[in-house]
Every structure is written in C-alpha cells, then in structure tokens.
Amino acid sequence: MKMNGAQIIWECLVREGVEIVFGITGGKVIPLYHELPAYPIHHITMRHEQAAAHAADGYARATGKVGVCIATSGPGATNLVTGLANAQMDSSPIVAITGQVASGDLGTDAFQEVDITGITMPITKHNCLITNVTELAQAIREAFHIARTGHPGAVLLDVTVDAQMGQCEFVYPEAVNLPGYKPHTRGNLRQVAQAAEMINQAKRPVLMVGRGVIVAHAQDELVELAEKAQIPVSTTLLGKSAIPESHPLSLGMGGMHGESYTNLAVQQADLIIGIGTRFDDRFTSAAHTFAPQAKIIHIDIDPAEIAKRVRVDLPIVGDALNVLRELVPLVKEAGHAEWIEIIDGWRSESHEHSRHWEEGEVLVPQYVVRSISELTQGDALMVSDVGQNQMWEAQYYIHNRFGGLISSGGLGTMGFALPASIGAQAGCPECTVWVVAGDGGLQMTIQELATIVQERLPIKIALLNNGYLGMVRQWQEFFFERNYCGTPILGPDFAKVAEAYGMAGITVCEKAQVGVALERAMQIDGPVLIDFRIEQEHNVFPMVPAGRPIDEMIRRPKQV
1 MKMNGAQIIW ECLVREGVEI VFGITGGKVI PLYHELPAYP IHHITMRHEQ
51 AAAHAADGYA RATGKVGVCI ATSGPGATNL VTGLANAQMD SSPIVAITGQ
101 VASGDLGTDA FQEVDITGIT MPITKHNCLI TNVTELAQAI REAFHIARTG
151 HPGAVLLDVT VDAQMGQCEF VYPEAVNLPG YKPHTRGNLR QVAQAAEMIN
201 QAKRPVLMVG RGVIVAHAQD ELVELAEKAQ IPVSTTLLGK SAIPESHPLS
251 LGMGGMHGES YTNLAVQQAD LIIGIGTRFD DRFTSAAHTF APQAKIIHID
301 IDPAEIAKRV RVDLPIVGDA LNVLRELVPL VKEAGHAEWI EIIDGWRSES
351 HEHSRHWEEG EVLVPQYVVR SISELTQGDA LMVSDVGQNQ MWEAQYYIHN
401 RFGGLISSGG LGTMGFALPA SIGAQAGCPE CTVWVVAGDG GLQMTIQELA
451 TIVQERLPIK IALLNNGYLG MVRQWQEFFF ERNYCGTPIL GPDFAKVAEA
501 YGMAGITVCE KAQVGVALER AMQIDGPVLI DFRIEQEHNV FPMVPAGRPI
551 DEMIRRPKQV
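Per the working numbering, residue 1 is the first one in the sequence shown, and the count goes up by one each step.
None of these hints come from the bench; they were simulated from the model.
Listed below are the simulated DSS-like cross-link pairs for lysine-lysine, each with C-alpha atoms no more than 27 Å apart in a straight line: (1) Lys203 - Lys295; (2) Lys332 - Lys203; (3) Lys182 - Lys308; (4) Lys295 - Lys308; (5) Lys295 - Lys228; (6) Lys182 - Lys65; (7) Lys228 - Lys203; (8) Lys228 - Lys332; (9) Lys295 - Lys332; (10) Lys496 - Lys511.
Sequences and hints are given; from them, build the entire structure.
Following this line, the structure appears as structure tokens:
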C-alpha cells in the first residue's frame with residue numbers, strides 16, 4: 001500500500017501501541033498533523049515543547065510504555081532539549097519526532113533550521129535525520145526498540161518536511177536487526193552464585209535500590225530477597241516505591257537528604273548490594289568516603305554504569321528482574337537480628353527529632369506532605385518537582401504504591417512536575433495523581449494549567465509556597481553568610497491564577513486548614529490547586545554538606 005511519510009509515521013506509531021502523543025504543531029510538521037485525524041491517537045496540545053517532552057516522560061514512567069512527543073523545527077525542536085536530557089538521565093523511554101526544513105534547504109540556514117541531531121547527540125540514546133520517505137518505517141521501528149530495551153532512554157527522529165510529504169510503498173518492518181546493539185539482560189551465573197555467597201556470609205548487609213528495579217518490574221523479587229535474607233533496603237530518590245515504605249525492612253531514601261539511620265546503616269554495612277542504581281553523588285557524596293567497611297556488589301543492565309563512581313568488588317551486568325530471579329534461590333534464609341536492632345535504635349532516635357512538625361500552629365511542609373500521604377494511604381501517584389519540595393515529598397510521603405513516585409533525579413529539572421503529571425494522569429486515568437511543587441518550579445511551567453483544564457484531567461496540585469528558590473536559599477543560609485542573592489521570588493495569587501485557567505483554587509495559610517482543604521480537593525471532580533503558604537525559611541534536614549561522608553550530616557534540630 002502506498003502512503004506518504006506523514007501517514008507512515010502515524011501507522012507505525014499505532015503499530016507500536018501508541019495511544020497518546022504530546023506536542024505542539026508548527027510549519028514543518030503541518031503535513032504530519034494533517035493526517036492525524038485518520039488515526040486512533042489522541043494528541044494533547046501542550047503550551048510549550050519542553051512541557052511536551054516532560055509529559056511524554058511522565059507518561060512513560062507511569063505506564064511503562066514509550067512516551068511520544070512532537071515538535072516543529074528550529075525553536076520547537078530546541079525547546080525539547082531539557083526534556084530529552086531529563087528522560088535520558090533518568091532512564092525513561094521516550095521518542096521525540098521533530099520536523100525539519102526540506103532536504104534541499106539543509107545547511108543553508110533556512111528559516112527555523114537547526115541541527116537538532118547534532119545538538120541532542122550527547123543527551124539521547126540514539127538520534128537520526130531522515131530525509132527520504134523510504135527510510136521512515138525502519139527508523140521508527142528501530143527508535144522504539146532502542147528506547148524501550150536495555151537501559152531505556154530518549155530517542156529523537158528529525159524528519160524533513162519533504163520526507164513527510166513524499167510517497168512510497170509501505171511495509172512495516174516486523175524485525176529489528178541492529179548488530180551493534182545487543183543489550184545484555186541475563187547476569188553471569190558464576191557471578192550470581194558468587195553474589196549469593198557474599199550475601200550468605202555478610203553480617204551487616206544493606207540493599208541499595210535504584211530506578212532499575214522499577215523499570216524491570218522486579219519489586220516482588222526484591223521483597224523476596226530482602227525478607228528471605230532479612231536485609232534492610234535503602235533507596236535512591238528514583239528507587240523510592242520499589243518496596244512498600246511501610247515494610248519493616250524499608251529504610252527509605254539515603255544520601256544527601258536521606259534519613260540519618262539510613263545513612264548510618266550504609267556507612268557501617270559490611271556488604272552493599274546495589275541494584276539498578278548508578279551510585280550517583282546525591283547518594284554517595286564523595287565516592288572515596290562511601291561505605292568504607294563494605295564490599296560492594298553492583299547489579300545493573302548498563303555495563304557503562306558498573307564501577308563508574310565507586311569501587312566494586314563484584315559486578316553483574318543484567319536486568320534486575322532476571323538477576324534477582326537467579327539470585328534469590330541461592331540465598332540462604334538469615335536473621336541479622338542484631339544488625340536490624342542496631343538500625344532500629346538509630347531509627348527511633350531519628351524519629352524523636354523528626355516528629356516536631358506535628359506540634360504547634362505554624363504551617364510547615366512536613367505536615368502538608370504527611371497529611372496527603374495519610375489521606376491517600378500512600379497509594380497516590382505522586383509527581384514531585386525539584387528543590388526543597390522534592391525532598392519533603394521524599395521524606396514524608398510513605399510510598400506504598402509500586403512506582404508511585406515520578407520525579408526528576410539526574411538532571412534536577414525545575415518545572416518538571418506539572419507537565420509530567422499531565423502525562424501520568426493521561427496514561428493512568430484511574431489513578432489519583434498529586435503534584436508537589438514549589439512556587440519557583442511551578443512558575444516555570446505554570447502555563448500547562450491550561451492543558452490540564454482543556455484535557456479535563458483531575459490532577460491535584462499541592463504548592464509549597466515559601467517565596468524563595470528554597471533549596472538554594474538554604475545553601476546560602478548554611479554556607480554563604482545568609483546572602484539571599486537571587487533567591488527571593490514574587491509569585492501571584494496562585495488560587496486566583498488557577499481559577500482564571502478554569503480550575504478550583506484554594507489558599508491555605510493555617511495548619512488547621514490543611515485537612516479540610518485536602519478533603520475538599522479530593523471531593524472535587526476535576527483539577528485543584530492548593531496554595532500552601534508555608535513558613536518561609538524552613539529547611540530540609542538531614543543534610544550532608546558537599547564532599548562530606550554521608551554519615552556526617554547536619555541533623556534535624558530538636559525543634560524544626
């Protein structure tokens with residue numbers, strides 16, 4: 001059957017299982033959009049291309065499918081860059097399709113021409129420029145295969161306008177043959193057996209779990225390993241919700257703003273089993289100070305991540321699910337009662353300092369986040385932004401839903417949460433989706449409130465509003481003589497802005513109003529923004545100063 005390039009693109013997307021795409025039209029994708037009404041794909045029109053990439057990212061993380069975003073050439077394409085880098089760093093499978101000037105105009109600085117494949121080469125898993133309609137089907141098939149397999153990531157296809165309009169005989173490529181791309185998904189059995197022996201001999205083991213466990217859907221195997229060998233489980237920020245955080249073996253997040261007992265456990269462990277984690281600097285701090293008493297097992301699907309930052313005693317390259325399925329039967333049942341008792345002692349001491357937010361009448365962020373956690377019973381799909389709000393969400397929301405946290409980890413992109421929540425809610429319409437954001441990050445993508453209303457998405461937004469770029473202000477307070485240069489920010493009446501866009505807006509200034517506002521938000525059949533006017537100079541504790549070992553924390557003061 002003969003088709004033009006635009007039809008081939010949509011036909012291939014349908015065959016790849018795509019149901020929703022996020023984008024903004026423009027001059028060099030008009031042919032593509034012209035053909036869209038004939039296909040069963042819902043297009044969500046975003047208000048900025050960066051938001052389209054974040055929405056595709058949020059969709060991918062919430063559903064496990066490949067997210068798709070579309071932009072025109074020039075500024076449309078360059079606006080995707082931050083979202084592509086964010087998805088790539090956080091192992092989120094997305095495919096971006098950009099329009100490009102006609103092939104005959106390439107290299108002439110034509111109107112809205114940029115070399116987007118050159119620009120995005122360092123921040124994508126794969127990209128290519130397509131100038132001939134006959135190349136399209138194979139390129140799309142390979143793009144989805146690369147995005148979703150192995151170490152997932154971002155792929156960009158730049159399609160010239162003449163390739164979109166040209167015609168050829170369409171044949172869908174059922175097979176993909178990429179000789180240079182063969183992800184290694186099964187761990188070496190000898191190394192797996194060695195890992196089991198190291199675990200069986202350990203006296204103070206700790207599991208360190210990253211997003212790779214969530215990507216691999218290895219939650220059951222992780223819990224089975226932890227329970228069988230009685231190993232406490234720490235997580236990275238993006239590993240949160242790989243194990244229910246109400247589980248007695250869950251230590252929650254470690255690292256720069258991790259709980260003190262988690263960091264103490266890691267630093268005094270004699271064995272660290274890292275699964276699906278990069279051992280990034282947010283968790284390890286200075287690599288040479290990390291877990292000095294421990295041998296380290298590193299399990300990851302990407303060989304480039306093994307021993308990249310920390311010394312590794314036993315590397316295992318493979319998918320977390322496959323490796324754990326081989327490992328668990330070889331591990332002996334163990335107690336580690338003495339080790340767990342020590343950790344529980346640290347945990348009790350930490351909790352004595354961490355509950356003061358319950359006292360008094362001051363509106364503090366911990367109370368807001370924990371109230372959302374209790375109201376939703378830890379089962380909401382939470383989307384957090386970046387900064388202090390991100391850390392308070394990670395510390396005080398008890399995630400019991402597998403994969404229940406979507407956040408920007410590696411790139412730390414402010415403005416991520418609002419558009420990412422659009423993708424998450426669109427992909428999982430049955431889920432309760434909550435956004436936790438600060439007033440700085442929200443204002444970076446606040447225009448997407450219009451998208452939420454237009455799409456009738458019942459997203460609930462908890463705005464932790466302190467009038468500062470809070471995390472930078474905190475560093476200025478601690479390490480730069482309280483010189484708050486560049487961090488105070490003026491915001492609008494956010495509730496009125498929400499209402500202007502057509503959604504419910506609520507302002508909360510007192511602690512006693514929190515529960516009522518949250519209940520009301522849950523009862524409203526539609527989107528809601530709650531502006532929580534929290535204490536302005538409130539800080540995130542614990543905190544590990546830059547370059548210090550993770551057990552040398554600035555602990556929570558007795559009153560916070």
